[in-house]
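> Here are the chains, one letter per residue:
There are 4 protein chains.
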Amino acid sequence: MEERIRASFARQGAMEMLGAELTRISHKLVEIELPFHQKLTQQHGFLHAGVISAALDTACSYAAYTVLEPDASLLTIEFKVNMMSPGRGERFLFRGEITKPGSTIIVADGRGYAIGDGPAKLIASMTSTLMVIRGRQDIRE
Amino acid sequence: MEERIRASFARQGAMEMLGAELTRISHKLVEIELPFHQKLTQQHGFLHAGVISAALDTACSYAAYTVLEPDASLLTIEFKVNMMSPGRGERFLFRGEITKPGSTIIVADGRGYAIGDGPAKLIASMTSTLMVIRGRQDIRE
Amino acid sequence: MEERIRASFARQGAMEMLGAELTRISHKLVEIELPFHQKLTQQHGFLHAGVISAALDTACSYAAYTVLEPDASLLTIEFKVNMMSPGRGERFLFRGEITKPGSTIIVADGRGYAIGDGPAKLIASMTSTLMVIRGRQDIRE
Amino acid sequence: MEERIRASFARQGAMEMLGAELTRISHKLVEIELPFHQKLTQQHGFLHAGVISAALDTACSYAAYTVLEPDASLLTIEFKVNMMSPGRGERFLFRGEITKPGSTIIVADGRGYAIGDGPAKLIASMTSTLMVIRGRQDIRE
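Residue numbers (UniProt numbering), protein chains in the order written: chain A, 1 to 141; chain B, 1 to 141; chain C, 1 to 141; chain D, 1 to 141.
Don't read these hints as lab results, they were simulated from the structure. Keep in mind that a hint or two might mislead.
Heads up, the list lumps identical chains together, so a pair's fine if it works in one copy or across two of them.
Claimed, not checked - Straight-line C-alpha distance at most 30 angstroms; calculated BS3-like pairs for lysine-lysine:
id	residue 1	residue 2
1	Lys-100	Lys-121
2	Lys-28	Lys-100
3	Lys-121	Lys-28
4	Lys-39	Lys-100
Every value quoted in this text rests on a predicted model; they were computed, and no experiment measured them.
Just need the whole structure built from these sequences, with the hints factored in.
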């Protein structure tokens, strides 16, 4: 499963564009890290909410992949993101975890942190609803 | 106000990274367009949910800017995005509109479309909650 | 279909408890009305956010029922509600409409209004994600 | 603070209507319990999503009250609820906890459980955004 997730992550143009790295894959939990870059900012110079969403959505989705049968795939139906502190920092960590597994619907929660020398600072949270897809060739991994 | 929005948009590293263009600014309504590019994709080759979120968040925020007094600024508190169809197409349009103006909280709704030769196809919707900020130097425009 | 929706509404203990009435059923759109009552309040004497959610969820769900095949049913997977103005007034109207029909997932949007002598006042909005269920006896209508 | 929360809860017509009890108040965490009753149901006989929302919103709000200065009050700006399992059972517990305190915006998360003889079953989760209000007489506690 880890191999499949790594291969899938590598196919994501958006993750490459952001400079995101897949740093942890464990049962029901995936982490992605992202160094700060000026290209990732909104108008105040903080991490753009869309960049935060992209990283959290990816972490939540791959957390769900860790419990998926080999011939199934996933689509994000919807998510909600709360921005809690400005995305300021040199490096960011995004953790996605399954809250409720299911045969059709999986709910995952994610949290984003600015990490540095001191304690990690919570910058955002996500709740994501994913649908398990079987038998659709266009979205097979 | 239009000038201020254009200047703010130009400072968004993330919008430049995505290749997004600000194509319409009117009272309570802003549109952003985005040509498809492989760098914007998730693992199935569709537009990444984070890219859709970035464009919708920006359109919703600038829609709110159109009713903002000159010395105030805005922060996105939270948003919810529903992905309705795979982000497939050559070009995408994201429209943000104010649903409820307010002196402290502004609620905006956004819709994303794949546009081409035929009718536009709805691919996503957003509801976004924005907070009006006054007197904080670090987030002044 | 209208008959089926009316029969289903009548089985909702919660709608009876609230004093809600089903006042309009049309293609992809359902309205519910609710007179104010002290039992529906939160601590400031306004309509409780949970009451607003109940009415909007029901309006959105039945809007989705209007396009459902006879042997299918629906479950609310999730919703988001924005409270826009205090729920003050003598009577309230809640309208649910389908934004995106689908064979598995239906997205509906709802709006709640305080209605009286003057113009209706928008008090809340909902986006709701519903899943079409087939073949589960426990949730057949 | 506990006394103030109990007095505020007692003024909620909706909590009395539902038969809800305030069973735990601690720092940043509040629990509400609810016995099943036919009046609380949707059309399939399960707990109505609006009832779940009402209880979770109240638990999340009072969790936020536990860190509030005495002369301030709170308004729920918005929330998202995920329904994870049908609300089936004899008794339900709803726990709200502060995820991110703040001087203007407080984010709380809640979870709802069906409780009985066996292990508690997660039926729903909420993320709620609350705004701290100062100096508005109409919403003082």
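> For which of the previously enumerated hints does the structure constitute a violation, in increasing order of number?
none
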